[in-house]
Structure formats: C-alpha cells, structure tokens
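Undergrad: With the sequences and hints as input, model every part of the structure.
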Amino acid sequence: MNNLSLIVLLSDKTKDFIKVILVIFLVVILLFALLGFIGNLIEKTMKHQAKKVDVYMTNVVISRVCDKPEDFVRIAKLKNKICFYRASIAPIIFGIIAVVIWVTYHLLTQNWGESIFDTKTGILSLFYVFDFSNITYVPPLGFAGIEISNYPHLLTDATMTNYFIFLFGAIAVIWYIINVQAYVARHHRIGQLKKTIYSKDLSTIDITHFYNLNKINPYANEIDAKKKVEENPTTDIQEKL
Amino acid sequence: MMALLKLLGKGLLYILLLPLGLAFFILYGIYLFIVWIVMFFRTIILFFRGKETGLNLPEDQRALELLNDSRDFREPITQPQPSVQQNPGVTLNFNLNGQKIDERKGSIVHSKEPNIIDYSDEESEGNDNE
Numbered sequence: 001m002n003n004l005s006l007i008v009l010l011s012d013k014t015k016d017f018i019k020v021i022l023v024i025f026l027v028v029i030l031l032f033a034l035l036g037f038i039g040n041l042i043e044k045t046m047k048h049q050a051k052k053v054d055v056y057m058t059n060v061v062i063s064r065v066c067d068k069p070e071d072f073v074r075i076a077k078l079k080n081k082i083c084f085y086r087a088s089i090a091p092i093i094f095g096i097i098a099v100v101i102w103v104t105y106h107l108l109t110q111n112w113g114e115s116i117f118d119t120k121t122g123i124l125s126l127f128y129v130f131d132f133s134n135i136t137y138v139p140p141l142g143f144a145g146i147e148i149s150n151y152p153h154l155l156t157d158a159t160m161t162n163y164f165i166f167l168f169g170a171i172a173v174i175w176y177i178i179n180v181q182a183y184v185a186r187h188h189r190i191g192q193l194k195k196t197i198y199s200k201d202l203s204t205i206d207i208t209h210f211y212n213l214n215k216i217n218p219y220a221n222e223i224d225a226k227k228k229v230e231e232n233p234t235t236d237i238q239e240k241l
Numbered sequence: 001m002m003a004l005l006k007l008l009g010k011g012l013l014y015i016l017l018l019p020l021g022l023a024f025f026i027l028y029g030i031y032l033f034i035v036w037i038v039m040f041f042r043t044i045i046l047f048f049r050g051k052e053t054g055l056n057l058p059e060d061q062r063a064l065e066l067l068n069d070s071r072d073f074r075e076p077i078t079q080p081q082p083s084v085q086q087n088p089g090v091t092l093n094f095n096l097n098g099q100k101i102d103e104r105k106g107s108i109v110h111s112k113e114p115n116i117i118d119y120s121d122e123e124s125e126g127n128d129n130e
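From first to last, the protein sequence lines stand for chains A and B. In terms of our numbering, the first sequence opens at residue 1 and continues consecutively. In terms of our numbering, the second sequence opens at residue 1 and continues consecutively.
Since the hints were derived computationally from the structure, they do not count as laboratory data. Accuracy of the hints is not assured; some may be wrong.
Here are the simulated DSSO-like pairs of lysine-lysine, each with C-alpha atoms no more than 30 Å apart in a straight line [unchecked claim]:
(1) 77/A - 6/B
(2) 44/A - 51/B
(3) 195/A - 68/A
(4) 68/A - 51/B
(5) 6/B - 81/A
TA: Right, dumping it as structure tokens:
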C-alpha cells in the first residue's frame with residue numbers, strides 16, 4: 001500500500017523520468033545480452049574452425065616428424081597460411097568482379113561521384129529511408145517529425161548495376177571476414193597446442209611409481225642375500241671356499 | 001541467474017573491446033591480404049617447378065611413410081569377443097584395413113589429403129609380383 005501511495009504522490013514529470021530511465025535500462029540490458037550471445041556464438045564458431053589444425057597436424061605429430069615446438073609452429077603456420085590462401089581465392093575473385101563492374105560502369109557513365117549506397121540510384125533505394133532532420137522529442141518516450149524520404153522501389157535502368165556491385169562486394173567482404181576469423185582461430189590454436197603437446201608437466205605424475213622399493217627397505221640387502229642362497233645353495237658354498 | 005549475469009558481463013566486455021577488436025581485425029585483414037598475394041606468387045612458382053602446392057608438405061609425406069612402415073599387416077587386429085552367442089551365419093574375417101586376416105594384400109599409397117591414410121590395391125599388384 002505504501003509503495004502505491006508513493007507512486008500516486010509522484011508528479012507526472014517524475015513518473016515520466018522514471019519511465020525513461022527504466023526503458024533505457026532495459027534497452028541497455030538487452031543490448032548487453034544480445035552482444036554476449038553473439039560473442040558466445042563467435043567463440044563457438046572459432047573453436048570449430050580451430051579444429052582444422054588438429055586435423056592437418058595429427059600425422060606429423062604422432063609420427064614424431066616434428067618433435068620440437070619450433071618445428072610444430074613452423075609447419076602449422078605454413079599450413080594455416082595455405083588454408084587461408086585456398087579458402088580466400090573465391091571471395092577475392094568475387095571482389096575483383098565487383099571492382100571490374102564498378103570501374104566499367106563508371107567509365108561508361110563518367111559519374112565517378114555516384115555512390116552504390118545512394119538512396120536514388122544505389123542499394124538504399126530498396127529500403128525505407130528516414131529523414132531525422134526535423135525530429136522533436138515528445139515526453140516521455142515519443143519522437144515526432146520523422147519523415148520517410150524513400151519508399152522501397154526497384155531500379156530498372158542502368159543504375160541497377162549498383163545492385164550487382166553491392167552483391168558481389170558484400171559476398172566478397174563477408175566471406176573474407178569469415179576466412180580471417182578462421183585464420184585467427186587456427187593461429188590461436190597453434191599457440192595452445194605448442195604449449196600442451198610438448199609440455200613437461202609433472203602435475204599428473206605420481207613419483208612413487210619410480211621408486212625402487214628395495215632401496216627404501218632397510219632389510220633389502222639381507223632379503224636379497226637369503227633369496228640367493230635359497231635359489232642357488234651350491235654357488236654360495238663355492239663363493240665361501 | 002549466474003549464467004545470465006555472465007552473459008551480460010560478456011556483453012559489456014565485448015562493447016568495451018569492440019573498437020580495439022575491430023581495429024585489430026581490420027589490420028589483420030590487410031596483413032592477410034598481403035599474405036594472400038605472397039602465397040599466390042609462391043603457389044605459381046611451386047606449380048611451375050612441379051612441386052606440391054597444397055597442404056601435403058614434405059613433412060607430411062615423411063610422416064605418412066613412417067606411419068605406414070610402423071603398421072604390421074600380418075597380425076590381425078584382435079577385437080573382444082562378444083559374450084552373447086551370435087546367430088549362425090557367414091563369418092567374414094577382415095581386419096580394420098579391409099584386408100583378409102593372415103594375408104598381406106596391397107600396400108599403402110600416399111593420399112593427396114594429408115589427414116587421411118589411404119589404402120589401395122593399385123600399386124599392390126606390382127609389389128606382390130616382386
């Protein structure tokens with residue numbers, strides 16, 4: 001009851017302020033959660049990508065062809081570069097195609113200032129574009145004056161070349177970024193394996209396995225001598241003689 | 001609850017490290033593009049020299065030789081006998097390499113893929129004749 005009466009007693013301005021603070025807090029929490037989730041996904045993907053090092057280095061390691069960390073790192077890094085090179089051939093070809101189309105288009109139109117992201121002639125013609133120049137704040141959580149400056153429409157003239165430039169360029173960039181991520185993941189894995197494969201870790205070793213118990217037993221020599229006599233009594237007599 | 005807090009903490013950390021990570025990633029991307037160009041010319045040179053351009057390095061070939069030499073095909077790979085009596089039927093004795101037990105047939109050839117040890121009968125005919 002007390003809490004309810006407190007809320008009733010608050011002025012409208014204070015209530016609006018609390019609402020804004022709550023909404024901002026909620027948005028920030030959601031943003032953190034979203035970024036944390038995306039980060040976790042990227043981590044898992046990188047772990048999966050890094051497993052390739054284990055695949056291409058297993059034979060070399062178990063056959064002891066590389067028995068030093070330096071050799072392991074040298075071979076693994078070279079293979080990592082080869083993997084990256086082979087995986088990046090396709091995105092780089094896509095990128096070259098995008099550049100060739102872009103240069104050819106601009107050579108023909110002679111309009112070098114035209115952006116592929118233009119709202120009239122570029123890729124943004126396919127999306128809603130909002131004009132925020134006359135925006136006004138309406139308490140507590142409203143905004144006014146937002147105008148739509150572009151409605152989605154498909155270009156049908158020569159400017160639609162920008163779609164293809166964007167398409168090839170976007171594929172190239174995204175693919176290349178994934179390859180760079182995979183390279184970084186493998187590089188990190190090489191560093192991890194270098195430490196674990198050739199580590200001299202005594203923490204898992206029980207030293208008592210290596211004890212010669214005869215050395216510890218103070219009566220070991222007497223017991224050994226008795227055993228010898230029991231096993232070969234004749235040789236003992238000969239030795240005494 | 002702890003998992004959610006951990007997730008939120010990670011999100012905060014990623015927001016703080018995002019500019020640094022992006023800068024690192026862009027620089028790494030540029031460096032790797034230079035690496036790609038170098039590897040491109042290296043591959044061309046190796047190709048015209050008639051050498052292997054893929055992942056199959058000389059070390060891999062050496063490793064395969066060592067691994068193949070260390071395998072003994074004369075002894076079958078023993079597997080634990082199942083305690084339950086099986087239904088009568090035709091029994092085929094093959095070891096894990098797909099060869100009949102007590103019979104050396106074929107030899108190992110190098111695979112193009114370094115992670116696979118390949119077994120084939122193509123070269124074995126020549127070796128058997130010897």
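Undergrad: If you draw a straight line from the CA of residue 6/B to the CA of residue 81/A, is it 30 Å or shorter?
TA: Violated - the C-alpha atoms of residue 81/A and residue 6/B are around 35 Å apart, more than 30 Å.
Undergrad: Is the straight-line distance between the alpha-carbon of residue 68/A and that of residue 51/B 30 Å or less?
TA: 26 Å, holds
Undergrad: Just to be careful, I want the Cα atoms of residue 77/A and residue 6/B compared with a cutoff of 30 Å; is the pair within it?
TA: 34 Å, violated
Undergrad: Is the straight-line distance between the alpha-carbon of residue 44/A and that of residue 51/B 30 Å or less?
TA: Between residue 44/A and residue 51/B the Cα gap is close to 36 Å, so the pair fails against 30 Å, i.e. violated.
Undergrad: Does residue 68/A sit within 30 Å of residue 195/A, going by the straight-line distance between their CA atoms?
TA: 11 Å, holds
Comparing the model with each earlier hint shows violations of hints 1, 2 and 5; every other hint is respected.
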